[in-house]
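Asker: Below, each chain spelled out in residue letters.
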Amino acid sequence: MVQLCYFSSLREALGTGDGQVELPGEINDLAGLTSWRQSRNDTWRQALADTRLHVAINHQIVNTNVPVNNGDEITWFPPVTGG
Amino acid sequence: MIRVQTADFDPGLELEQLRIQTDGQSGAVVSFTGLVRDLNDGHEIRQMTLEHYPGMTEKALRAIEQKAQARWSLAGTIIIHRVGPLQPNDRIVFVAAASTHRKDAFRACEFMIDTLKTDAPFWKKEATSAGTRWLSATEPDQPGQAD
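One line per chain: the protein sequences are A and B, in this order. Residues 1 to 83 in the numbering used here are what the first sequence spells out, letter by letter. Residues 84 to 230 in the numbering used here are what the second sequence spells out, letter by letter.
By construction, these hints were calculated from the structure, which means they are not laboratory data. One or more hints might be untrue.
[To be verified] Using C-beta positions, here's what the derived DEER-type ranges look like:
id	chain 1	residue 1	chain 2	residue 2	range
1	B	Gly95	A	Gln38	43 to 53 Å
2	A	Gln60	B	Glu193	20 to 30 Å
3	B	Arg185	A	Arg40	27 to 37 Å
4	A	Asn65	B	Ser219	41 to 51 Å
5	A	Ser39	B	Leu96	46 to 56 Å
6	A	Val21	B	Arg129	33 to 43 Å
7	B	Arg185	A	Ala31	41 to 51 Å
8	B	Pro137	A	Arg40	17 to 27 Å
9	B	Ala90	A	Arg40	30 to 40 Å
10	A	Gln60	B	Arg185	27 to 37 Å
11	A	Ser35	B	Gly95	49 to 59 Å
12	B	Arg185	A	Asn65	41 to 51 Å
These figures come from a predicted structure and were not determined experimentally. The beta-carbon is built from N, C-alpha and C at its ideal position, and this holds for glycine as well.
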């Protein structure tokens, strides 16, 4: 199982979250995971194609295609606007 | 010290606690308080809602403090960020740095608020007379922009 989260405008664009999800056996990296979620429907395909999105795995920003493992928390979000 | 909270904070009280905690080690304290403006892009702001990523936010704020402490000689630091619904003129964020000398305190304070704006997972959603919208990072007063 992995925990998938979406924040801010991205969560609203998707209209729903994911929560705990069982990883299909063939998915073992971030690129594969993203493509799998995008395959849900056109809304997900377009929203997750936004190149401005950041991805964090277990609270660490990742900028490359890295492996994903059971127990990971993977989160997509737009550029931050706090302060 | 970092805190993420829905409640308001008292900058005077925070500064006094920092003064007491640093107990003679600091000759200078510099602080920054961020407020909700009443106008953005010509629209009157009715409410500003701050969302964050619990867990990652606290780690990001601690990392910002640690970077500042590694870079300057600091006796103490504070980062407080509010989340949830806020009104115009409400306090959003508070950053303070105590140091032996003022230059380190000024630089560390500026570094912490600037880095917070680019590294900490907070998002602003504003409700105006024109509707509600998430702020974009390319707008004025957002990461990478002046002030």
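Asker: Against each hint, give a clear statement of whether it holds in the structure.
Answerer: Against the structure, the hints come out as follows:
no., hint, verdict
1, B:Gly95 / A:Gln38: 43 to 53 Å, "50 Å, holds"
2, A:Gln60 / B:Glu193: 20 to 30 Å, "26 Å, holds"
3, B:Arg185 / A:Arg40: 27 to 37 Å, "55 Å, violated"
4, A:Asn65 / B:Ser219: 41 to 51 Å, "26 Å, violated"
5, A:Ser39 / B:Leu96: 46 to 56 Å, "52 Å, holds"
6, A:Val21 / B:Arg129: 33 to 43 Å, "37 Å, holds"
7, B:Arg185 / A:Ala31: 41 to 51 Å, "49 Å, holds"
8, B:Pro137 / A:Arg40: 17 to 27 Å, "25 Å, holds"
9, B:Ala90 / A:Arg40: 30 to 40 Å, "38 Å, holds"
10, A:Gln60 / B:Arg185: 27 to 37 Å, "35 Å, holds"
11, A:Ser35 / B:Gly95: 49 to 59 Å, "53 Å, holds"
12, B:Arg185 / A:Asn65: 41 to 51 Å, "46 Å, holds"
When held up to the earlier numbered hints, the structure conflicts with 3, 4 and fits the remainder.
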